[in-house]
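Chains as they are written, first to last, in numbering that gives the first Met the number 0: chain A, 0 to 301; chain B, 0 to 217; chain C, 0 to 217.
Rather than coming from a laboratory, the hints here were simulated on the basis of the structure.
It should be emphasised that the depicted structure is a prediction, and the values quoted were computed from it without experimental measurement.
There may be inaccurate statements among the hints.
[As the list claims (entries may be wrong)] Beyond 10 Å from chain C on every Cβ pair, some chain B residues (computed):
(1) R49
(2) I54
(3) W60
(4) V78
(5) V81
(6) L84
(7) R128
(8) P138
[To be verified] In silico contact screen, one side only, chain C against chain B (beta carbon under 10 Å); selected entries:
(9) P63
(10) L65
(11) L67
(12) A74
(13) S108
(14) G109
(15) S112
(16) N151
(17) V185
(18) L188
(19) A192
(20) G208
(21) E210
(22) V212
Where a beta carbon is used, it is the ideal one built from N, C-alpha and C, also for glycine.
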Amino acid sequence: MIAIPVAFALAVTACGSDDDASPTTEAPAATEAPAATEAPAATEAPVEGVSGLVEDGKLIVATTGNFPPFTAINPDSGENEGYTIDIAREAATRLGLELELPTVDFVAELEGLSQGLYDIADSGIWPTPERQESFLFSRPMTSTGIIAQVRAEDADSAGFADVSGLNVGGIQGSSQEKYLLENEAELGYSSYLGFAGAGEALIALKQGRVDVLSQDSLVASFVAANDEELATAGPTVLAHPLSFAFQLGNEAKRDAFDAVLNEMIADGSLAAIQQAWFGVCIPVPADIDAQEPYDILPTGDC
Amino acid sequence: MSDFDFDIIRRSWPLMREATWVSIQVFAWSLVLASFIGLLFALMRLSNVRALRWIAGIYVWIFRGLPALVILFFAFFWVGRVLDLTSFQAAILGLGVSSGAYKAEIIRAGILAVDNGQREASDALAMTRAQSMRRIILPQGIRVMIPNYVSNSTLLFKSTSLATVIGLNELTGKSRQLANSTFKPIEILTAAGVIYLVLTSVLVGAQVLLERRYAVKA
Amino acid sequence: MDVQFFIDVFPEILEGLTLTVSLFLWTLLFSTFLGLVLALMRLSPIPPLRWVSAVYGWLLRGIPLLLLLFYVFFALPEFGDFFILSPFRSAVLGLTLWTASYQSEAIRSGIISVDKGQHEASEALGMSRTHQMRKIILPQSVRIIAPPFTGNAINALKQTSLATVITVSEMTGITRGIISSTFQTVEPLFALALVYLALTTVLVFAQSGLERVFRLKT
Numbered sequence: 000m001i002a003i004p005v006a007f008a009l010a011v012t013a014c015g016s017d018d019d020a021s022p023t024t025e026a027p028a029a030t031e032a033p034a035a036t037e038a039p040a041a042t043e044a045p046v047e048g049v050s051g052l053v054e055d056g057k058l059i060v061a062t063t064g065n066f067p068p069f070t071a072i073n074p075d076s077g078e079n080e081g082y083t084i085d086i087a088r089e090a091a092t093r094l095g096l097e098l099e100l101p102t103v104d105f106v107a108e109l110e111g112l113s114q115g116l117y118d119i120a121d122s123g124i125w126p127t128p129e130r131q132e133s134f135l136f137s138r139p140m141t142s143t144g145i146i147a148q149v150r151a152e153d154a155d156s157a158g159f160a161d162v163s164g165l166n167v168g169g170i171q172g173s174s175q176e177k178y179l180l181e182n183e184a185e186l187g188y189s190s191y192l193g194f195a196g197a198g199e200a201l202i203a204l205k206q207g208r209v210d211v212l213s214q215d216s217l218v219a220s221f222v223a224a225n226d227e228e229l230a231t232a233g234p235t236v237l238a239h240p241l242s243f244a245f246q247l248g249n250e251a252k253r254d255a256f257d258a259v260l261n262e263m264i265a266d267g268s269l270a271a272i273q274q275a276w277f278g279v280c281i282p283v284p285a286d287i288d289a290q291e292p293y294d295i296l297p298t299g300d301c
Numbered sequence: 000m001s002d003f004d005f006d007i008i009r010r011s012w013p014l015m016r017e018a019t020w021v022s023i024q025v026f027a028w029s030l031v032l033a034s035f036i037g038l039l040f041a042l043m044r045l046s047n048v049r050a051l052r053w054i055a056g057i058y059v060w061i062f063r064g065l066p067a068l069v070i071l072f073f074a075f076f077w078v079g080r081v082l083d084l085t086s087f088q089a090a091i092l093g094l095g096v097s098s099g100a101y102k103a104e105i106i107r108a109g110i111l112a113v114d115n116g117q118r119e120a121s122d123a124l125a126m127t128r129a130q131s132m133r134r135i136i137l138p139q140g141i142r143v144m145i146p147n148y149v150s151n152s153t154l155l156f157k158s159t160s161l162a163t164v165i166g167l168n169e170l171t172g173k174s175r176q177l178a179n180s181t182f183k184p185i186e187i188l189t190a191a192g193v194i195y196l197v198l199t200s201v202l203v204g205a206q207v208l209l210e211r212r213y214a215v216k217a
Numbered sequence: 000m001d002v003q004f005f006i007d008v009f010p011e012i013l014e015g016l017t018l019t020v021s022l023f024l025w026t027l028l029f030s031t032f033l034g035l036v037l038a039l040m041r042l043s044p045i046p047p048l049r050w051v052s053a054v055y056g057w058l059l060r061g062i063p064l065l066l067l068l069f070y071v072f073f074a075l076p077e078f079g080d081f082f083i084l085s086p087f088r089s090a091v092l093g094l095t096l097w098t099a100s101y102q103s104e105a106i107r108s109g110i111i112s113v114d115k116g117q118h119e120a121s122e123a124l125g126m127s128r129t130h131q132m133r134k135i136i137l138p139q140s141v142r143i144i145a146p147p148f149t150g151n152a153i154n155a156l157k158q159t160s161l162a163t164v165i166t167v168s169e170m171t172g173i174t175r176g177i178i179s180s181t182f183q184t185v186e187p188l189f190a191l192a193l194v195y196l197a198l199t200t201v202l203v204f205a206q207s208g209l210e211r212v213f214r215l216k217t
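Using the sequences and the hints given, assemble the complete structure.
Written out as structure tokens, the structure reads:
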């Protein structure tokens, strides 16, 4: 089942790609795999009554709306938008369902999902074995990893290999925070600060309260591309898949959603959404249980 | 802070205005509920009936002691599921019962502040307990209650922010979301702070008027 | 509810207990002192003192604590390196400034509850204003101050949970961390609520102790 390590290739910053290992071929490559893994027939004939919906005719996707570029509120339109939102929208259309996007705090997102108030929780969740005990997960919708976010003048540093003696930070409760805390001895940083949100963490980085932030790679690249004061440094570590979460026991609904995701990977529409939000194509792993270690490959433009 | 971005506030304003209105409505309803609960339990705590005193004491102990966040969570996901409440209704319920416990103590302190002689005098005038409470004790106690009552209400107004945990799109939650979406927390939260300040000023203004009205004429 | 998990989360949450308690105790100490000063200023015969105290109360009760903590942590350093405080000190400073605005109202309402006759009597005895305040007025008002004062203290205890936004990872921050790694909500929240309830219970006992000591003998 841990078939396709290549699928875990990662978006390092755009500059990391003189390697033209043709991501364009990579995305389709990843798509053949899931067809082999599960529900191959579903790719052909989707739709026709998704069972177990919270409300007939609707796909209710709870989102936190505070995690760009995955899900964030656009102040101009007032609407949530982002990578996972676009996927949810496309999936709802293909399933013939009306999309509803309640914005909730992440604690409520989890509790609401487990109580059956929502069909899906988005927010780009790493389906760890621990979390799989509480929820059901879709097939991966992207891969990502963890990278060091730094001030622009430190862009040439070696990232996590270079944090000895520095002040580091991360988002409280995140996998990126966990990476720092679990490797404290090895990394040798002098202090750790955990922030409640990405906005505060980035200000602290700019102010010099911390020198390195442990960030999701896709988020870090997005930030670096939009803020000239900030950059990423060093290689990506701990590659992992991101999925959508479903209530336990809702296999039928999850499988119908997976079928649509597979379809979107096959026809290139997922790649188009990636291009829109990340500016690169990111190989999508086939299986949520595939765990590290993998080779981490940079990807280029689509 | 040298590059404070006013434009992001301007762009976010329509969303924040909408969220402000939600906060105001939740505040107003939960204030009504909290005041009712507060008065009821304050009177129970001062009652001659021991069982009533105990019930009220336990209520105050529990609902002042639990974080409002947790009360809201259970109001929505437990009580709300049984009674089929929306997050708006669950927020009013949760904030009302939580703030009501504080209000009960504030009202009790106000009543206690009224001199015992007053009570005895109204007894001597053959007033019933209810009469003396309504006509003599409460009007005098109000003077002592006002500062704390208004303080606590400004607090309640700001606590509406906790209802974001049950999916209510109120001002703080929306602001935090905007702050993290735009990476401009200082600007967005400052704007939210000004809105809160303006609105609580209404309460503080009411306090000044009330204090003047109930001031003791020397 | 998964009872085993519920029991298992306690030790982890309690790792933040020392931080919560020390945040609270420093805040209680400083805010009581500052609250008393503000209350006396508010009741002073000197107009500028009254105004400063009133504006302070209006401003600090008007803005959300979240914003105040943000300013102390992120904006204060703009005024020079001297103002770069550690996260813990920033949290104590923010919590103190904020809580004092509420405590000053609790103390003020206690002071005004003391009968005017008492002022006059102590003046007739040739007592100075400070002397009167210390020996006559404050001791009598403690009983009236105790319930709202404890209410504010309980509130301050619960508000320490906001320190997590400026990276002080106390009990609430730890709980959110547990929730995000396990995706279990009810058990960690319930455990957290019980710890807060235990802590506030201590305060409730302190309150009834105070009320008993200062009860009026009739």
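Check the structure against each numbered hint from earlier and tell me which ones fail, lowest number first. 3, 20 and 22
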